[in-house]
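Residue numbers (the numbering used here), protein chains in the order written: chain A, 1 to 59; chain B, 1001 to 1682.
Heads up, a few of these hints could be off.
Stated by the list, open to error - One side only, chain A facing chain B, incomplete, derived with CB under 7 Å: (1) T11; (2) A15; (3) I19; (4) G49; (5) R54; (6) S56; (7) R57.
Because the hints were derived from the structure by calculation, they are not lab data. Heads up, the beta-carbon is just placed ideally off N, CA and C, and yes, glycines get one too.
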Amino acid sequence: MMKQITFVARTVLAALREIFDEAAYARFLQRECQESSTDAYAEFWRERGNAYGRRSRCC
Amino acid sequence: MLDGMKGLSFFVWGCVALLGTAAVGVVALHRGEPINAIWLVMAAACCYALGYRFYSKFIAAKILALDALRATPAERLENGRDFLVTNKWVVFGHHFAAIAGPGPLVGPVLAAQFGYLPGTLWVLAGAVFAGCVQDFVILLFSVRRDGKSLTEMAKEETGRIGGFVAYAAVIVILVILLSVVALVVVNALKASPWGTFTIAMTIPIALLMGIYLRRIRPGKVMEASVLGFVLVMLAIWGGQFVSQNPGLARVFTFSAGTLAVLILIYGFAASALPVWLLLAPRDYLSTFVKLGTISLLAIGIVGLRPTLHMPSLTRFIDGTGPVFSGKIFPFAFITIACGAVSGFHSLISSGTTPKLIARETETRMVGYGAMIAESAVALMAIIAASVLQPGVYFAINSPAGIVGQPPEAAAATISSWGFPVTAGEMQALAHAVGEQTLYNRTGGAPAFAVGMANIFSNSLGGQAVMAVWYHFAIMFEALFILTVLDAGTRVARFMIQDAMAHVYPPLGRTSWYPSILATSGVVVASWGYFLWQGVKDPLGGINSLWPLFGIANQLLATVALCVATTIIVKMHRKKYAWVTLGPLAMLVAVTFTASWHKVFDPSPRIGFLAQASALAASPATNETARLILNNRLDAVVTAALVMMVVLVLIESARVWIGVLRGNKDARVREVAFVMTRLAEEQ
Chain A
1 MMKQITFVAR TVLAALREIF DEAAYARFLQ RECQESSTDA YAEFWRERGN
51 AYGRRSRCC
Chain B
1001 MLDGMKGLSF FVWGCVALLG TAAVGVVALH RGEPINAIWL VMAAACCYAL
1051 GYRFYSKFIA AKILALDALR ATPAERLENG RDFLVTNKWV VFGHHFAAIA
1101 GPGPLVGPVL AAQFGYLPGT LWVLAGAVFA GCVQDFVILL FSVRRDGKSL
1151 TEMAKEETGR IGGFVAYAAV IVILVILLSV VALVVVNALK ASPWGTFTIA
1201 MTIPIALLMG IYLRRIRPGK VMEASVLGFV LVMLAIWGGQ FVSQNPGLAR
1251 VFTFSAGTLA VLILIYGFAA SALPVWLLLA PRDYLSTFVK LGTISLLAIG
1301 IVGLRPTLHM PSLTRFIDGT GPVFSGKIFP FAFITIACGA VSGFHSLISS
1351 GTTPKLIARE TETRMVGYGA MIAESAVALM AIIAASVLQP GVYFAINSPA
1401 GIVGQPPEAA AATISSWGFP VTAGEMQALA HAVGEQTLYN RTGGAPAFAV
1451 GMANIFSNSL GGQAVMAVWY HFAIMFEALF ILTVLDAGTR VARFMIQDAM
1501 AHVYPPLGRT SWYPSILATS GVVVASWGYF LWQGVKDPLG GINSLWPLFG
1551 IANQLLATVA LCVATTIIVK MHRKKYAWVT LGPLAMLVAV TFTASWHKVF
1601 DPSPRIGFLA QASALAASPA TNETARLILN NRLDAVVTAA LVMMVVLVLI
1651 ESARVWIGVL RGNKDARVRE VAFVMTRLAE EQ
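Starting from the given sequences, assemble the full structure and let the hints guide the process.
Rendered as structure tokens:
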């Protein structure tokens, strides 16, 4: 039972991290071998700003 | 052992089918006494479970032949950015957050003027047989084409016209969508200092979140979202003091016209500002509130099991409704739109989502399953609207041009329809939710907010906090809508920049400010025109604009289903083409009939041209010439949309007939099969 609850909690957290782009930022840091910083975050947005702006949100 | 399991499964699903039949029967056949909302919930749960378990499985096995061994673009093209192998539940959450917008909340509330039954039946049947199918097949077809967009697939599979029409339809839909959702916000906030203050505060809160993420705690989005949510809740709580202070209340009390201008300025600024500063933080905040509120509303409905006071069918199925004009067919269908089937979803299903899918087999859960969740949201909106006394519902949603301006006159008109309500009752309700008046709040959002506040206040806090819940609901919807405005304006701007690049290449540069300002101006002016038209419309604007939006949205679904049918025919699955042809035929019937009525119906309350003629024949005022022009423009837009879709239908039918006769190339443009490595790794 505890195992299942942990699994569900982990999955929900992973989904939220993906939805809120924290996972994308973590991947960016890993790919670029950088620590999180204001410069790194600015670079992250420079890279993905256009793609993010093109994302449709539904009605 | 196996036979035992099979027998148990047969028994369980048999029980689900029986329970579902009984619940749908109660919902459909119950007359006279109020019904409990739990019947709707039960009917929906059984229909969704059966649809997912059997219908989607049938489509997956017999038509699409989902292959767990075939590598998806997320695996083959993985780059850590757009293409990324992602857990199916994470993709589901991501996809649902992208497809769930204000449409499934507003449309069903408006359609409740026919009673709760038509909306409920269409939300269930439409989702299971049309909306979910469209989202599922388009997602899978995009996965098999390296995540190509609907317009690219239309161009490749049906021809250039299909691609062009899909592109043009998206732009037109965006413009109409943005104008209509902006109108919903205007109608919700006019003469409401509390609501306006709360929504105004979300702008500095979003900017603060942007700066927090950029300068203080880089990348800590969930933390910033929680902080933003706390600040928004404080703004809602503080709004009551603003409304009680005469000086502050005056500052935050705006007419519809002023609010429209402010929203136009906001839309332009949001489109031109850097993404990280306003669009992204507002998007995060909106998603945070959206997921939380939808879950809370679902818990509230199931826990409280409210009684529906709206009858199953009202007298307005004859087309004389005050909320919007037109008979139950086709207008119930185009009004509900996104809650049952939404063309816009095909853009998401062929956008970000196909690039995250790890296995083909997961498209069923993500595509079909997320649309079931969206349909459930629409059902909650029907329940929220139907828990209101019908007299109250019509007093909130009817324009002054129909029920009259003075409260007593409006109450008398609505009571004469058989839905008793008094001016005193409305005044008490307005007072309870912290508003000066609730009359003529067309657009669906205030009615939904009152219904939601009713449900919440009965489960949490009682009547004392009803005003807070009402403004929470208004904030929730407005936040949703302003996010769609930000994102939609920007998406339309990019699309225009891409097109303009063919004429003058620098215009295509998305970082070149003259181009950004010019194209943002074009987009904002386009939806601003329709917004202004709605604000000045004596019938409340929603009557003209929401059907136009519904028609445009459903016509895009028609294009998506044409593409899907073409691919199915080319895959030599012609005997199963009815799976997409059926909903396609339904949508063609609905949208073409609705378009015909909106253009040519002799009633001035329905037909744009009849309204223009009626205005021309009436005594001229300063506004007459503009109103006539607006009606004619609406007629031209509707006709142009239909003509474009007719071209796609003809183009698609030519391909189908050619393939079936054997004189057309039946090759589908899928990428070649590559064996997945994920199975081995696992």
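Verification of the hints:
no., hint, verdict
1, T11, "5 Å, holds"
2, A15, "3 Å, holds"
3, I19, "5 Å, holds"
4, G49, "5 Å, holds"
5, R54, "5 Å, holds"
6, S56, "5 Å, holds"
7, R57, "4 Å, holds"
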